[in-house]
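Numbering of the sequence shown is given in full-length UniProt numbering, commencing with residue 1 and proceeding in unit increments.
Just so you know, these hints were derived from the structure itself, not from any lab. Nothing here was measured: the structure is a model prediction, and the numbers come from that model. Worth double-checking, as some hints may not be accurate.
As the list claims (entries may be wrong) - Just the calculated beta-carbon pair ranges, DEER-fashion:
{"no.": "1", "residue 1": "L58", "residue 2": "N31", "range": "17 to 25 Å"}
{"no.": "2", "residue 1": "G4", "residue 2": "G42", "range": "33 to 41 Å"}
{"no.": "3", "residue 1": "A7", "residue 2": "P53", "range": "20 to 28 Å"}
{"no.": "4", "residue 1": "A34", "residue 2": "M1", "range": "39 to 47 Å"}
{"no.": "5", "residue 1": "V57", "residue 2": "G4", "range": "13 to 21 Å"}
{"no.": "6", "residue 1": "E3", "residue 2": "S41", "range": "34 to 42 Å"}
{"no.": "7", "residue 1": "L58", "residue 2": "Y22", "range": "17 to 25 Å"}
{"no.": "8", "residue 1": "R28", "residue 2": "P53", "range": "15 to 23 Å"}
{"no.": "9", "residue 1": "M8", "residue 2": "K45", "range": "21 to 29 Å"}
{"no.": "10", "residue 1": "G33", "residue 2": "L54", "range": "18 to 26 Å"}
Ideal placement from N, C-alpha and C gives every residue a C-beta, glycine not left out.
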Amino acid sequence: MREGYVAMGLVFVALGLLMMAYPRRLGRFRNRGAVDSEPTSGLKKQIRYLGGPLVLVLGAWLTVLALSG
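Build the full structure now, drawing on both the sequences and the hints.
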């Protein structure tokens, strides 16, 4: 069971890094059903500076807790 939490934490870390590196692509993926799928600058900033670091910290925290327990 512990290995599952470690794997999930590492996936969250990787996803957080992807969110910070490619906010435009993720924004377009999120808006794919809209008439204009190009993300706004505000959405790109939210993905890069808010969502990415939060997911990264969550993944690191989950990994450390799973490895220490």
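Results of checking the hints against the structure:
| no. | hint | in the structure |
| --- | --- | --- |
| 1 | L58 / N31: 17 to 25 Å | 24 Å, holds |
| 2 | G4 / G42: 33 to 41 Å | 36 Å, holds |
| 3 | A7 / P53: 20 to 28 Å | 21 Å, holds |
| 4 | A34 / M1: 39 to 47 Å | 40 Å, holds |
| 5 | V57 / G4: 13 to 21 Å | 20 Å, holds |
| 6 | E3 / S41: 34 to 42 Å | 40 Å, holds |
| 7 | L58 / Y22: 17 to 25 Å | 19 Å, holds |
| 8 | R28 / P53: 15 to 23 Å | 21 Å, holds |
| 9 | M8 / K45: 21 to 29 Å | 27 Å, holds |
| 10 | G33 / L54: 18 to 26 Å | 25 Å, holds |
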